[in-house]
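> If you want the building blocks of each chain, they are given just below.
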Amino acid sequence: MADITMKTIMRDGIWDNNVVFAQMLALCPLLAVTSTATNGLGMGIASLAVMVASSLVVSIMRDFITKEVRLPVFVLLIATIVTLVDMSMNAWMHEMHKVLGLFIPLIVTNCAILGRVESFASQQPVGKAVADGFFMGIGFTVALVAVGATREMLGSGTLFANAPLLLGNAFAFMELTLISDYGGFLLMILPPGAFIALGFILAGKRVIDAQLSSDDEDELTTISVPATDQNH
Amino acid sequence: MSLSKTTITTPSYRQRIGYHGMLVGGTALLASALLVIGNTSTKDVIAQRHAEDVQQMLSEVVPPTLHDNDLLQDKFDLDGKEIYQARLENSVSAVAFQVAEPGYSGIITMIMAIDKDSKLLGVRVVSHTETPGLGDKMEAARSDWVYSFEGKQLSDDNQKQWAVKKDGGQFDQFTGATITPRAIVKAVKGGMQFFSENKQRLLSYDPGPESAISEAKMNG
Numbered sequence: 412m413a414d415i416t417m418k419t420i421m422r423d424g425i426w427d428n429n430v431v432f433a434q435m436l437a438l439c440p441l442l443a444v445t446s447t448a449t450n451g452l453g454m455g456i457a458s459l460a461v462m463v464a465s466s467l468v469v470s471i472m473r474d475f476i477t478k479e480v481r482l483p484v485f486v487l488l489i490a491t492i493v494t495l496v497d498m499s500m501n502a503w504m505h506e507m508h509k510v511l512g513l514f515i516p517l518i519v520t521n522c523a524i525l526g527r528v529e530s531f532a533s534q535q536p537v538g539k540a541v542a543d544g545f546f547m548g549i550g551f552t553v554a555l556v557a558v559g560a561t562r563e564m565l566g567s568g569t570l571f572a573n574a575p576l577l578l579g580n581a582f583a584f585m586e587l588t589l590i591s592d593y594g595g596f597l598l599m600i601l602p603p604g605a606f607i608a609l610g611f612i613l614a615g616k617r618v619i620d621a622q623l624s625s626d627d628e629d630e631l632t633t634i635s636v637p638a639t640d641q642n643h
Numbered sequence: 002m003s004l005s006k007t008t009i010t011t012p013s014y015r016q017r018i019g020y021h022g023m024l025v026g027g028t029a030l031l032a033s034a035l036l037v038i039g040n041t042s043t044k045d046v047i048a049q050r051h052a053e054d055v056q057q058m059l060s061e062v063v064p065p066t067l068h069d070n071d072l073l074q075d076k077f078d079l080d081g082k083e084i085y086q087a088r089l090e091n092s093v094s095a096v097a098f099q100v101a102e103p104g105y106s107g108i109i110t111m112i113m114a115i116d117k118d119s120k121l122l123g124v125r126v127v128s129h130t131e132t133p134g135l136g137d138k139m140e141a142a143r144s145d146w147v148y149s150f151e152g153k154q155l156s157d158d159n160q161k162q163w164a165v166k167k168d169g170g171q172f173d174q175f176t177g178a179t180i181t182p183r184a185i186v187k188a189v190k191g192g193m194q195f196f197s198e199n200k201q202r203l204l205s206y207d208p209g210p211e212s213a214i215s216e217a218k219m220n221g
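If you read the sequences in order, they're chains A and B. Residue numbers for the first sequence follow my numbering, so the first one is 412 and each next one is one higher. Residue numbers for the second sequence follow my numbering, so the first one is 2 and each next one is one higher.
It should be emphasised that the hints constitute simulated quantities derived from the structure, not laboratory data. Glycine residues also receive a C-beta, built at the ideal position from the N, C-alpha and C atoms.
Computed list of lysine-lysine pairs in DSSO-like fashion (alpha-carbon distance at most 27 angstroms, straight line):
(1) K509/A <-> K44/B
(2) K82/B <-> K509/A
(3) K117/B <-> K76/B
(4) K539/A <-> K418/A
(5) K509/A <-> K76/B
(6) K117/B <-> K161/B
(7) K509/A <-> K187/B
(8) K153/B <-> K76/B
(9) K187/B <-> K120/B
Computed list of chain A residues with no C-beta within reach of chain B, every gap over 10 angstroms:
(10) M435
(11) M564
(12) M585
(13) G615
(14) D620
(15) A621
(16) D626
When you get a sec, could you build the whole thing from the sequences and use the hints?
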């Protein structure tokens, strides 16, 4: 584990050990905010910032933190970072905060951040810890956007609605109406829809993983075990 | 895993209870210090931004053609409510004030403006913590639902109309969220009642002697 390469970190973060699709962490914020792809993207970006910052701080402090009290220390640091991100966005990125403001306190409850800090950043040098935080954040963002886009397309027939609110008017082209005069499919917008969409996406990931591993090892019978969390 | 390695190389004083206490305490101190710095350096900017928000909201509910005074300047207190008075040539043309009501997951704060003929000029949500994607359709940026209040009036015989459609009223509810629009309609109705109960005081304006003269001149 000590000689983990950047490539592995990237692969792990985005696919093999994806926060949602492989580790099954952070499902609470995932299910709560992904009623549209834009909401998912916003939550993803905010979580990414917190993940990078908390990985950085914990990696710097890793030599002082003892095993026995590491959890309260991590929680304190993460909560502080989230609050600081919240305050500085409110002050200097006010328009964006108006859109994302609701999600930001939710990031504290994101166990994926604590999980990565615990299993990676507290044992790795600063560069790798930051890279891990970044790619885990990207992986989480991908998951949020995937679930959000699925629910939005099925639930309201649009894709990236209100994207200009989040990203500025330059991104107005992202706003698509796929089905005009679509009555809406309420179930997909409601929380149960999140579970259903997530279930299908998870199943899809496993099918792809099974395909990939059967391509790799044709001679073996493939009762494929998809990438599990290697850090436990 | 390297965790066991770390434990072996850990200096002995780190095994003591005292070190653990110091570590957590020290981190808490560091966290508090960071938060204090963060708070003091953002407090004024945030207050400024919120004042701009209020100004922005006011300009959305009170059309600029209805007033020639500075709304943020000309405010007064009435029964604990801050009233923004819009005046045109020293006669009150409209008033704006905030109303609040608990929604699905917290207080929804709104600003509403009523003109001197008791007609609702408009409503905007100032702050809320409703579910993103479900209960946030009351934001003017997300849907035009909130415009359905414009021009509405409250009288003795249309009390029942002031409710969401599900409750037999005239306002749409949102897909998947009824509690939020219900709370907003209730708050706005409360604001309308507040206006009709205090109409005299809300619409009265006593200009200084100088402006009284100019008004007299104009009327003459």
